[in-house]
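Colleague: Residue numbers (the numbering used here), protein chains in the order written: chain F, 1 to 448; chain S, 1 to 400; chain D, 1 to 252; chain Z, 1 to 343.
Fair warning: there could be bad hints in the mix.
[To be verified] List of simulated lysine to aspartate or glutamate pairs, DMTMM-like, C-alpha gap at most 25 Å: (1) 230(S) <-> 231(D); (2) 104(F) <-> 322(S); (3) 192(D) <-> 174(D); (4) 89(S) <-> 165(S); (5) 168(D) <-> 92(D); (6) 339(F) <-> 97(Z); (7) 128(Z) <-> 92(D); (8) 7(S) <-> 174(D); (9) 96(F) <-> 83(F); (10) 204(F) <-> 327(F); (11) 230(S) <-> 153(D); (12) 312(F) <-> 306(Z); (13) 77(Z) <-> 410(F); (14) 409(F) <-> 97(Z); (15) 409(F) <-> 89(Z); (16) 128(Z) <-> 373(S); (17) 69(Z) <-> 284(F); (18) 230(S) <-> 124(D); (19) 334(F) <-> 89(Z).
[Unchecked claim] Residues of chain S clear of chain F, computed beta-carbon distances all greater than 12 Å: (20) 11; (21) 20; (22) 91; (23) 145; (24) 223; (25) 271; (26) 274; (27) 286; (28) 380.
No lab work stands behind these hints: they were computed from the structure. Glycine included, each C-beta is placed from N, C-alpha and C at the ideal position.
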Amino acid sequence: MSKSNFTRRGLLKTGALAGAGLSAPTLFSPVWADGHAGYTNAPAGGTVTLGFNVPQSGPYADEGADELRAYELAVEHLNGGGDGGMMNTFSSNALKGNGILGKKVEYVTGDTQTKPDAARASAKSMIEKDGAIMITGGSSSGVAVAVQALCQEAGIIFMAGLTHSNDTTGKDKKANGFRHFFNSYMSGAALAPILGANYGKDRKAYHLTADYNWGYTTEEAVRTSTEAMGWETVAAVKTPLAQTDFKDYVAPVLQSGADVLVLNHYGGNMVNSLTSAVQFGLREAQANGKNFEIIVPLYSRLMAKGAGENVKGIFGSTNWHWSLTDEGSKAFVKSFGTKYGFPPSQAAHTCYVQTLLYADAAERAGTFNPCGIAEALEGFEFDGMGNGKTLYRAEDHQCFKDVLVVKGKENPTSEFDLLEIVEVTPAAQVTYDASIFGGDLGTCNPGA
Amino acid sequence: MFGLNAKDTRLLLIVIGLVVFAPFLMNPFPTDSGLAQFNAGYPDLMQRFVIFGIFAIGFNILFGLTGYLSFGHAAFLGAGSYAAVWMLKLLTINVIPAILISTLVAGAFALLIGFISLRRSGIYFSILTLAFAQMAFALAASVLTPITGGETGLQTALNDPRILDGAASGTGNIPAPALFGLEMRDSWDWVVGGWSFTFNAGYYLAGLFMIGAFYLSILIFRSPFGLMLKAIKTNQTRLNYTGLNSRPYTLAAFVISGMYAGLAGGLMASMDPLAGAERMQWTASGEVVLMAILGGAGTLIGPVLGAGFIKYFENIFSKINDNVLHQWFAFMPDGIENFLVTILHPFVGKGWHLTLGLVFMLVVIFLPGGLVEGGQRIGRLFSRKKKTDDSPNADTKPAE
Amino acid sequence: MGILEIKNVGKRFGGLQALSDVNLSVEENTVHAIIGPNGAGKSTLLNCLVGKLIPDTGSVTFQGQSLLGRKPHEINQMGVSRVFQTPEIFGDLTVLENVMIPCFAHRDGAFQMNAIRSVRHQNDIRESADQILTDVNMLEKRNMHAASLSRGDKRRLEMAMCLVQDPKLLLLDEPTAGMARADTNNTIDLLKEIKEKRDITMAIIEHDMHVVFSMAERITVLAQGTPLVEDTPENIKGHPKVREAYLGEAQV
Amino acid sequence: MEAIVLQLLSGLDGGSAYALIALGLTLIFGTLGVVNFAHGALFMIGAFCTVTLQRILTLSHTVIDDTQKDFLGNPLKVQVPYIQDWFGEATSAAIIDWSVPLAIIFAIPVMLIIGIVMERGLIKHFYKRPHADQILVTFGLAIVLQEIIKAYYGANPIPAPAPDVFKGSFDFGQLLGFEANRIIYPYWRLVYFGFATIVIASVFAFLQFTTFGMVVRAGMADRETVGLLGIDIDKRFTMMFGLAACVAGLAGVMYTPINSPNYHMGMDFLVISFVVVVVGGMGSLPGAVLAGFVLGILQSFASMREVIEVLPGINQVVIYLAAIIILLTRPRGLLGKRGVMED
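Work out the full structure: start from the sequences and follow the hints.
Modeller: If you want it as structure tokens, here you go:
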């Protein structure tokens, strides 16, 4: 006897069961009775529900709000509203602007609070209560890994939002989870040549690393790729995630003999550590007869805004930036900017693209069955979504595309114009072997 | 019945009834109606209600009876969760060992922390417990990553050894925690008219534990041991001059309460095999304090109500977005619709924290005894009415 | 050899010599009063007896066993009970519960998970609690909240809580402080009654000469931390040193 | 040696921030007997006074610049602050540059009013209520206050830089005879340290040498007796709350260049400030200050690379570990009094 793992309210919502209600109520009918579709939350009727699980409270709430804007825009475009955005530049032409597989797209939202527990609770309520067929969003790797595992269990597709740790498609990868965003390894690989070219191959680096999983993988990636070209790592100090003032960690840097400071920090940590580093004069300082330099491996425009003038001239990498001039990016910036009055962030971009990619895969597979969608996404090559030609690699469900190396702009013209693109590192240069981070994809789980 | 007096028996029966019929009570609105947003009868939230209920009941045994305000109780919840997930990884996917071990581990942890912290009382005790819990949190999220999975949390994996039943897996999917083959996530739906009610295996297992936990807490409240604990809260000086050393009593209460937290953590991991460090953070400890005070500290049922209330807000209010608001008020003229949406917007969705903060303030200002006092006031209102309505009847009834 | 022997006790707080060279012997089954002007060291002495303070010098023995270094609850377990100047009771609990708690506190002092003990045993305890409440005339108030009692009733309740443990020595710290004359007389009667019914030794610290002279069999006068004189009430009344140090100013 | 001097400086700097926040918390607890979980929120509001002033100073009108394009390709709209029209470019730039110090003047009345309104409107009803109720109501208030700020200013940090003259660092090493550039410390952090010292000293002087302060100190010791003397202690306590709110707010104003303010910065400081207050001894002002510096310095030394290498994770827990050890060896904290908050 097969039983359901998750209830499918989505089906009930459609009225198909209104008839069932009229006949004698089937007491304790195990849900497999309506499991004929063969997968969790199979949409019946004219709508399909997507779950947008983003941080709405806590320090990443603004990033979450931007993600939500992107999702709303994507839903509008999928349902045929607005100017169509990237649907017009997307290399696959499966999407017609009539929803997904002819079903109108609806969505529910939830608050991850940037805590794995809360994110899972929120995702579960979307699956169990609202009948969501796909969950997407999030602004931290901890949340992404936790929700991805949940979706695997439940038989739901997870399209990761902003998550940069190698683990998401490495050690913790799952067959039902997909990541468009780049990762620590790619940051390191893209940054190293640029750093070498600008700062020379004889440098001594001092790492400050946020003391949690993402910090570890980022430090390792940057260390490996910079050491490969001749840099020496003087020290790597772990800083508590909850740290607000980094003076204790920044103060000894100059004495250490290092001439580069790498801040493996994100979000509030990055804003505060960079502010401290600049206060301690590191940006102007001289060491070993060279100019002292600061590097922030993962940039985000929202955080750059928080750090204000301190980002000027500081190198880092980013997944996407609104100043890209390819057709896809231009179309997206135009429809987002017209609707909301400011340019989208990289988190918004990744979330928008993920939604479109999911819808497109469903169209091409001709089903909402997660296994069908996974098959359609695996090894899928596309273009026209920013970042040039992109591959969704089958082995680890990681996207491979161009990575941007950026620098804090010296003379910004507006409050959005904070980063300038230094180099677009081609995908080939950041591609790695899928097996190096371990982990086991498992098999796709359709639930039911 | 059950060795309880009539009043307590009634309370226990009410709690049993609430747990058994929760799938109906929590889903009062037809699935298709606009108010379905307020339905809470889905497995995850119902599980959370009873699990946090257990946590709050346990906390109340310490705080409600002895008055010792622990600000680090989440550490035991976290320790229990980690222990449970490790059991699921190493031993068997069956939840029974996980739940037992998590309770014991939390108990041992509580014994250690309690033994040290109970050397002080009042706020000094609170800060000691807070310090221990914050240390546990900070270390679990960073240097203990190999044991705890760090910030990402500890999860089950495909290649876990699972000594007892590891051979069984191999389907490419991680087995779900189960009770002798009954998976915790198994659910049955019952559809009646526009309503749909979900009965979830994990919920009923957790519910069973909560009823047991509640029954035990009534026994403790009514026992001489409970009397001693109340005496500690009221007047420790007198207790000492009565020949009693209060320390073993407070320590016992602390350990019992820590074991309740461990049980809650174990159940949480059994329902959903993940244990994250943020379960130990001070905000999580603060949450259970708020649950107890909000519901009514020192009352039997209060903490359960408080737990349900806060979890309801967190899970239901946070999901109401502008879209939903527009749907509700769609029948009104556009101007009024937009006006109402604008008014409500700050309080729902991402503003759920604001509403929660306001509720805390209102409850504590107007109902010093928490939600239980609110219930009593309403009850009194009705009973007064009843008396005037049918006083002859009331008089003939034997007094309890 | 008295039931309570205090030898050469001294206690110093910073620059203040609170007690010096106190020698005192309380005979079994007597009522012994300790009087003295404010600041004479009466309370300090009492606190040294019950384990709240540890004297710097000297020794305190009860039935031949030293009390020094023992905690209050241990001293209580040896058979010493204390009544406070302001009654220390369990305000949030009912009168009956207040009396039940000392019943549970067994002389062996072992911590027991009383939760799992039989109901029958609880009934025994309830009986002895009822008995002592009858003795102090409070049976009809057994279900009242202790905090809502009058001051006199609180005092009575506190005594009941001490007596239910059948102490060998009862220490009373100004048992009539702040009472109206009628209440004071009631308390004196109660104490006398207790004394008649039981084998009990009482040590009373008191301000009110009326109480002292109507009850005490021996009186020690304390002045500036040291005993001035110890004698029977009759002799104390006429003692010139006492008049000078104490009664002269109080004019009873 | 240089490392130790530097870490000591850093510790004193961190300690001054702890001490300043803990001082206000202790003032409220000592005078009013209220456990104020909203104190962190007051610190945060102080910081947002700076942001608000910044916003007011940069209130702008739009000028369309055809020579530049915005991100959508339309002509760039340049925001021109009104004060630029009034005072000219140089003066207005200087005013905006100095907005953090100017915010002190702005924050004092604002914080006083917030503090007094809070005390009269809410806190005074909770003097006689159990500490648990006080915690719940002030915690609720803290959430409400920070959510209001979040609704208006967003969750992202907002930069509020120090005036240009305070950028850069002071070379302590050369002063002490070390090599150049070995022991340097940012000017603004030194300003903050000096500011904290002055505020702490003024609060002590105020309580020590004014009649108002004497009455309040007497009230801290024995509220009823002071009431019996016919002094309206309530009014003075209200002022005390306003003063404490001011101290917290000013700490927040001056803190903004150190860390960009965000809406949850108060909560970040809340736990640590309670630990500081309790380690110092509940109700003891010198205790709070002493504990602030002790814990700040310990934290600083525990963050040294050499220390972390020997004891991994020590930087995460040192403050709590110190708190436990101090409370176990000194039952009432460093300088606490008997019987305060022990039941």
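Colleague: Against which earlier hints does the structure fall short, listed by number upward?
Modeller: As far as the earlier hints go, 1, 5, 6, 8, 10, 12, 17, 19, 23, 25, 26 are violated by this structure, in ascending order.
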